[in-house]
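Make the full structure from the sequences, and use the hints.
Number of protein chains: 2
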Amino acid sequence: IKLIKSQGNERPKDPKLWPYFQDGLRRIDYVLTYHVQKPQSTRKLSAKSCLCFKFRREQSSPPAHEDPELAAQEQRLDYHEDDQRLRREEFEENLREMGLEMEREEGNKIPGVGFLKIHAPWEVLCREAEFMKLKMPTFKVFVLVNMFVQKVTATLQPKVGENRVENEKYLSYPFSREKQHLFDLSDRNSFFDSKTRSSIVSTNPFRKAFCLPSQGQFKTKCHLSPDLITKGPDVVLILSLQILCEEWASYSIFYKYQPIGLIRKYFGEKVGLYFAWLGVYTQMLIPAAIVGVIVFLYGCVTVEDNIPSMEVCDERNNITMCPICDRVCSYWKLVTACGTARASHLFDNAATVFFAIFMALWGQQLCSTFMFTQICALILHFCFNSPHTHPRSNAGLFKKLIILAKALNLPFLFGSSAVTGFEMRNYTLTKLLLTCRDRMPAYMTIIVMMVFLICVTLAIVFGVVLYRVSIMTALHMSSTPSFRTNIRATVKTTAAIINLIIIIIMDEVYGAIARWLTIMEVPKTDKSFEERLIFKTFILKFANAFTPIVYLAFFRGRIIGRPGKYIYVMGSYRMEECAHAGCLMELCIQLCITMLGKQLIQNNLFEIGVPKLKKMLRQRKIDKKHQEELDKTLHRHEKDHFLGPFVGLNPEYMEMIIQFGMVTLFVASFPLAPLFALLNNIIEIRLDAKKFVTELRRPIAVRAKDIGIWYTLLRGLSKVAVIVNAFVISFTSDFIPRLVYQYMYSPDGTLHGFVNHTLSYFNVSHFQPGTEPTESMHLGYKVEVCRYKDYRDPPWSDTPYEFSRQFWAILAARLAFVIVFQNVVMLMSDFVDWLIPDIPKDISIQIHNERNLIVELFMKQEQGKKYRNTIGDPSPQPLRSRPSSQA
Amino acid sequence: IKLIKSQGNERPKDPKLWPYFQDGLRRIDYVLTYHVQKPQSTRKLSAKSCLCFKFRREQSSPPAHEDPELAAQEQRLDYHEDDQRLRREEFEENLREMGLEMEREEGNKIPGVGFLKIHAPWEVLCREAEFMKLKMPTFKVFVLVNMFVQKVTATLQPKVGENRVENEKYLSYPFSREKQHLFDLSDRNSFFDSKTRSSIVSTNPFRKAFCLPSQGQFKTKCHLSPDLITKGPDVVLILSLQILCEEWASYSIFYKYQPIGLIRKYFGEKVGLYFAWLGVYTQMLIPAAIVGVIVFLYGCVTVEDNIPSMEVCDERNNITMCPICDRVCSYWKLVTACGTARASHLFDNAATVFFAIFMALWGQQLCSTFMFTQICALILHFCFNSPHTHPRSNAGLFKKLIILAKALNLPFLFGSSAVTGFEMRNYTLTKLLLTCRDRMPAYMTIIVMMVFLICVTLAIVFGVVLYRVSIMTALHMSSTPSFRTNIRATVKTTAAIINLIIIIIMDEVYGAIARWLTIMEVPKTDKSFEERLIFKTFILKFANAFTPIVYLAFFRGRIIGRPGKYIYVMGSYRMEECAHAGCLMELCIQLCITMLGKQLIQNNLFEIGVPKLKKMLRQRKIDKKHQEELDKTLHRHEKDHFLGPFVGLNPEYMEMIIQFGMVTLFVASFPLAPLFALLNNIIEIRLDAKKFVTELRRPIAVRAKDIGIWYTLLRGLSKVAVIVNAFVISFTSDFIPRLVYQYMYSPDGTLHGFVNHTLSYFNVSHFQPGTEPTESMHLGYKVEVCRYKDYRDPPWSDTPYEFSRQFWAILAARLAFVIVFQNVVMLMSDFVDWLIPDIPKDISIQIHNERNLIVELFMKQEQGKKYRNTIGDPSPQPLRSRPSSQA
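Keeping their order, the protein sequence lines are chains V and E.
Numbering-wise (this note's numbering), the first sequence opens with residue 7 and increments by one.
Numbering-wise (this note's numbering), the second sequence opens with residue 7 and increments by one.
For the record, the hints were derived by calculation from the structure and aren't laboratory data.
No incorrect hints appear here.
The list cannot tell twin chains apart, which means a pair is met if one copy fits it or any two copies do.
With a straight-line Cα cutoff of 20 Å, these simulated EDC-like cross-link-like pairs (lysine to aspartate or glutamate) come out:
| # | residue 1 | residue 2 |
| --- | --- | --- |
| 1 | Lys-866 | Glu-129 |
| 2 | Lys-185 | Glu-136 |
| 3 | Lys-339 | Glu-583 |
| 4 | Lys-866 | Glu-136 |
| 5 | Lys-866 | Glu-103 |
| 6 | Lys-795 | Glu-583 |
| 7 | Lys-571 | Glu-808 |
| 8 | Lys-339 | Glu-781 |
| 9 | Lys-141 | Glu-862 |
| 10 | Lys-339 | Glu-790 |
| 11 | Lys-533 | Glu-658 |
| 12 | Lys-571 | Asp-799 |
Quantities reported herein were computed from a predicted structural model and do not represent experimental measurements.
Spelled out as structure tokens, the structure:
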């Protein structure tokens, strides 16, 4: 038997690095670590906690594992070492009862840390695999339909070595001990791969060992301190890691597809799904980026032919504008706004509207059809080779049904005990559910806190506005002329940067607060803990990132009043106006800075820099002398101890979702957003890959059927994007006024005269006393009537300075546009949904073939069994048709 | 053995009526009928067709079965009797090969019809049940959570006899021959009930007998002529039928719940689901009807306090209106419109807006959460006792995935052969798929026809408008004064009735055309045939029913021009105006007549009258002398031959969906609609029940997981309803103008002066020559300025008769309202979705308990097996923790 095994897996030469027990026979499937008493143990290493609690969190929410806050709480609990040892032994006994085999290795190499190596024997693996209904490959091989697309993209495929996989596939079927003849069991050691083995070990036996859910009661209390859970890698895995390094975590192959199958094999479904999703999203960004660039170029090309900006820049149109600030500013010529008007055209032209519709559809489509189903169908079915995550009882209603069922099935309810002292009480399931009244204070606090935090965000935005207004006024007062010309640009840019810095700081703060609030809420299950945490974090971070942008898009320049009756804040500061050609350009600058800044600083600095720093800190703890010595003698799992813990995928998802928001929500004002996002993501994929491969401990393979709440958030965002884009186009851009002018008011059906049309008249004698410009002769002539951008009746009408008929007509047109836009996009989205089949044709043929093969397989079996079957009625031999002659 | 069996089922005394073979042992599970050569056979009975084709249609689309058009086509095919017999024998041989047993009985009692009785032996049942993964009850009984609601509604529950079912339930598990020990097989005869047996027989063995899908090729051609497929009822069934008659198909128990479990047991999932759906929908109508009645009563109560109608009725407001028709009509006093104004208030008040929001949410909710999930969870899980339709791989994406897979798995492709001659060619699967080019002509025809038919609908509506206009003008010309006063009411009512008649006639025509178009389209599978047919029928019928209403709501009175510049159609007819207080009341009348008329005439007349007539016709064919004699000697299945065929549920669903449209789409204008719908549905349920129990042959039990495309249509309608209601409120009703007046123009913040505000001025000297009223002194004084309902500038302004500033302001307000309404309802709908869990709590606990029980069951098994398990590694005894001292 020893011989057969060594044939199956080549072992590294140094026997210490074998992923086997000391007897060299039994493979290590799972390693638990715990704290061993040591007089000089630092606080950091002596985290003591209930394994129950720890384990429960890992089971479905890896992010919570190794969480600094909880770890801090854990430290407060100081159980006696003896007590711990007793509990550990009880736990081990339970594991042994489940059929697992163990080997212990106590802190002789790394001081203060003991390792408990676990091996699952064949029968345990079989039992649990049957119980989990794992789909395992059968004997049957079938050839994949050779897809045209696959051929074309052959060069883009990563070289994962196993060429066979691309054309052939093993038919898989839920494992059952009664149907063993279906499966290729010739090499029992490799039938279940290491990821499957460890997830088998970590799923059922553990749960049962801790708290057998029979009768809905918890059988044991358990206090073991596993500080680190990692697994012994085998040779195949080291090989996989090598391939992953070369074919995935490398910037030089950025143009290639990711080896999703391999990622899934090594890291489990949840991580695989994240990268699959990221890949599909990035891929989908390509068309968006291309169209965005074209739209931008169209703006560049047509800037010379643009009648409104030509009119603004035309020296002959001698239009005198009202001063932009009180007293110190004077009247100015419209022609000085020529540059801004031309620049605005780049982002505010007919193509923008088309682009907004395109992107709204794109977003909807990305969510509804392509992203979700393509991921599910294409990636799960093909690359994943689908043993686990076969499309089964997954989506829609039944998804929720199952989640609920699971939620209730999980005995590790997140009772209040979890926070106060990790004591699992002998509660029945239902008793652990807190009542509404118990939860009320927490809920109230949460609501109040959330409202307060959003108010804080608003206050910050208002603060930045005040900064802009006050600095602007101060700069206007300065007499240096060179200063004045650059005022706007300077203030805008500095304000945007301040905004960015605040956003980045508050992001971290809000993340921490959201976690705190969620812990206070005491959700029932991990799933709900994670979902609530994500939801809160999302709301806060989203508000944080988008409030300044929303302000710019919809409020700035709309609440300024009118000349002679300006609205003032903080005593004497006038609210800011937009530049002549609308706020779209400023919105664009803000978006650009926020997006680039966030991506550069947050992603790259935080994601690369901080983990590096942490790693350095961790390694400094070990004496440098020991370091080298340890390197040689340590087992793989012991080395992994020094890697960073896996903190979950939520930060990665959150980053992407905020980016998705930037790309879709205000895309009408910034057509280059998809391009920036695309560039960022191409780097991001490889960056994350590197991080996963080299910086982090290998996460426990978590089964996942979909990307969960993130999908809900994505859908929500893409819905909101439709309405936001509609409003941006109709209210922030000048598209509708131009259209209305062209078809309702223009004498010759062109835009000539549009600029004049948008400006109202103001009689300078109507200035409030003390606000008229001091240097009224600045332009060299006496101004009697100045112009301002608004649709109001002229001073000489019956109703001076009232909103004019044009104002209402344009408002109606704007609102009508919103309705039309929203409903057209919704309709088109449904239509496209209907047009594009959810499942690509070749995949559906594939699925059909697979089904047929299974049917055939069973039919053959039946043919064999048919006449051997002895149970049943003592049926007389089949009657041939009997003549029709009875009474 | 004979003894045991007779214990299981008591048999009727007359042995001829036993549902057993002649040997008295083997139960009849399925009966096929075919035509037997008989010299004097009438054409009607000699329908010759391929059983393949017939059967395939029954398998998933019962409506197509016994379809008159196809039957007509079938008659054209005149195969020789010999040929038929050969094919029949080949088919029987195939069935026998599948293990079924048969007994033949040739036309000795009913001339020209032969019966082939089929019995499925135990092993066949087992094999197929395992293959179909049927969930069968296990030994394990568990007690249902005693729900509070169930106790309260105890009196409303139908008495179905089996009281045990209400508190206990057998745990069910997919049947497998290897796990027979789990199931209670003590009485093999009743383990599979008759519905299950017949569906087992009809699903796999038949399919295989006809066309074994091995290698994707059809093995046999087959031409057998089963004219009628019915099943032998057993005693239990006769009992069920009795209970169904008493506890379901009776008007006197209209207030009770339906015995859904029993319906499902007897008729199968598809029919059960329809009645469940209808029941839930009717139940949901109750709150809507109550709120509707309250809203209506609110209108009645506040009619006296309504300022606008008071102003209209106030004699002191001496407002002279412009004439409503050219020349023959004269000026009139606004006070004469007092009655209409007051009546309008009943349907156009503040409560209407609330009601519209309520109903929009109701519709959304009905669809999204309540209806679908409650049906699925509550009914499927509880009443259905879920052997078949367990929530598994059902909704959303994976539903489509499975449909597709199924679609491709079905070998009975609806090739063109199906239409031309029912010849199944030896095609491979993929070859049978027509290419796009083959389909192009059909698609083009369909599109052209659909567009043409919708144009016809529009033309009809326009015709009715013309009728109204011309009759109105003609009546105005008549000099009888009593005529004139009743003109409007008469014309409105007659026009509405004409509309109704046209709608009912065209409904039938469109139904036929839709079927013809779908046959031409040659869809690939039954499922898609049915869906396409439903979709086309729906579009045509929907357009037919709603075009007049849409015209009334949104176009009437809006394209009339203005005094002095009216818009004319057909030469000299002015387009119709609305009454003073808006078109809402006329919309209401139209809706009321359409709804009541459709329900009364279409449902009751067509559904009761026509089947009765058909039955009479069928029975007249048999000689009356024979009749009584036959009654005594005939077997149950022979008697069933005279019942009407089951034509599917689509007409029933269609009727309900149009009703749902009426209830939700224009509910803002007709708050009593839900009440009428409720009353109709209460009758409808019992009517349909009676029809199913007494008038129709028992349909084949079809497994169904949901209501299919109808759900999509429902969702679509409820989405459209939101936007339509928003438009009805903002554009058809005077709600927005009132609001705008109150907050923008009213001097004292009330509605006083509103009527005056809505009327524009017209200088009578500006009438086009020849259109001024001939009797200009009709009112007794010379009119210089008359008023008309519109927002236009007065004749003395700079821009006479242009739309005024008010017009644009109100338009903007209306549009803003639409945006706000639509988005608020969408948001609220999502919020309510989020608030109400998809699955009621008790059911989720139920599901959880069930899962736990299954887990426990298997755990126990494992405990037994654990040490008996001999396969696997020769594992050494578990190692206890080894001291940590190795090299």
